[in-house]
Amino acid sequence: MDKTVNQKAWFLVLPVFAVVAFSAILPLMTVVNYSMQDTFGNNQFFWNGVGWFKELLDPSTDLGGRFLASLGRNLLFSAIILAIEVPLGIVVALSMPREGWTVAVCLVILALPLLIPWNVVGTIWQIFGRPDIGLLGYTLNSLGIDYNYVSNEFDAWATVIVMDVWHWTSLVALLCYAGLKSIPDAYYQAAQIDGASRWAVFKAIQLPKMNRVLLIAVLLRFMDSFMIYTEPFVVTGGGPGNSTTFVSIELVKIALGQFDLGKAAALSLVYNLIILIVCWIFYTVMTNAGTERPEKKGAA
Amino acid sequence: MNSIPGRRIIMVVFLIFLLLPIYWLVNMSFKTNTEIVTTMTLWPHQPTLENYKRIFTDESWYSGYINSLTYVLINTVISISVALPAAYAFSRYRFLGDKHLFFWLLSNRMAPAAVFALPFFNLYSAINLFDTPWAVALAHCIFNVPLAVWILEGFVSGVPREIDETAFLDGYSFPRFFVKILVPLIASGIGVAAFFCFMFSWVELLLARTLTSVNAKPISAIMTRTVSAAGMDWGLLAAAGVLTIIPGALVIWFVRNYIARGFALGRV
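One line per chain: the protein sequences are D and Y, in this order.
Quick note, the first sequence lines up with residues 8 to 307 if you use my numbering.
Quick note, the second sequence lines up with residues 2 to 269 if you use my numbering.
Computed beta-carbon distance windows for the label pairs:
(1) D:Gln14 - Y:Gly159: 24 to 34 angstroms
(2) Y:Arg9 - D:Ile32: 47 to 57 angstroms
(3) D:Thr291 - Y:Ser189: 25 to 35 angstroms
(4) D:Ser149 - Y:His46: 12 to 22 angstroms
(5) Y:Asp59 - D:Asp153: 33 to 43 angstroms
(6) D:Gly244 - Y:Phe255: 33 to 43 angstroms
(7) D:Asp65 - Y:Leu251: 48 to 58 angstroms
(8) D:Tyr194 - Y:Ser189: 24 to 34 angstroms
(9) Y:Arg95 - D:Gly202: 45 to 55 angstroms
(10) Y:Asn129 - D:Gln265: 18 to 28 angstroms
These aren't lab readings, by the way, just hints derived from the structure by calculation.
A virtual CB, placed ideally from N, CA and C, is assigned to each residue, including glycine.
Isolated chain D (complex conformation) (with noise of 0.2 angstroms):
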């Protein structure tokens, strides 16, 4: 991978220079400059410093308490569904089929749930959970389970966490097993001459080949957890009362709800250097790896 000096390559890549910069920085600059201000209406505006920034880390104030507590479910959400799909994935790919059509048919089963619209996701999972109409609310009534998760916490955050589940534990199970994929036969006739046992090929063989794979899916199940606003809008509308609003479901309220700019645009700012510094992490893992394994990049 031994790539030429060339600084006209810049012309290659100026429409896309362009066309993000459009898009990104130039709102990016707008929500900088309503980060320091207030506004009384009327196109007003005022000079507020960094006063927004100091609310929201503050949990005494409306704003602090508001932003903190989001942070907080929407950190706790993460955390679990990292802590069920990671492993159910695993189970999943380690429970492939070797060969024949069925790979197939697995393959596009468990890419299904991951083209269906988030917002249709949304609700396929509220008329599934419905007490009344849905087959899960359903048949848990009849069971005997009091379920609702329009007036129950608890339910309510159950459905969302399986929601989840359901929407993107094929990706982590994908992910593995391309990594699984790669691993040559010989490795596994190795261990069978050595009499390996069944937990030691998993933790010696294909634990570790997966471990790049397993890095870029628990990142990318992080990021796309933690900025998650449309499925449990649709299902629970973030309630009931606060308990599913996360921290894009309490920006947008704010922002497009309230239309308060300042607030809005202070949140944004923090929220995107959360995002920033995970995205970093997430970079230098990926060109680490890339680096290590060079015959790995490109193999088409």
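With the hints as your guide, set chain Y onto chain D.
Leaving out everything else, chain Y in the frame of chain D:
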């Protein structure tokens, strides 16, 4: 590949878990509202196509699909055409700030849509693109262009450098080499990238809903409006949902081996 005990059962149970909610949606879409509300039936006892018929005849419904498809297609074309040269540049050359630029692109792919909803609303209102497919198409570029660059870069790197060099020795100009040689060689990669641009734009709701009001309203926004309306029309909602799944389900077979790759930004 070495597998675990009971793998067939695990796989079957998991696939049923995946398919059951989808089956329920399809089931609902063929039922009348009376059947949905009054009885609990595992399959439609009086199957009806009424829900689908209404979507295809009522303009406020089918226009939603047309609007969605319009901005998705515009977005896919823009994303792929600007990403192709950039992918080539990232794959072949080193230049000032290339690594930072590559990271910056990734960070935009990961930026929360909620952060951009309000500034986009102001921006596109200011340049009179609000409530047009162009606004949504351009807004979705923020995550689709980086995605396309990352995926295509992987595919371009799979093409040996010798091919470029031979072509240039043979007297090909750069644009001619690009169109005549490189593009056909990575055609499958372009297909994969286009598929993922299509999908990610198709599944997004927040920006699409924020940037449209009447004329360019996407199907996803029409569906949420129905949800909040009094007197829920479950059958119709289910039918609308089933129709949004179809584009993905149609192409899924052709891209099944690339799904992991696309979601991992071409890095698997």
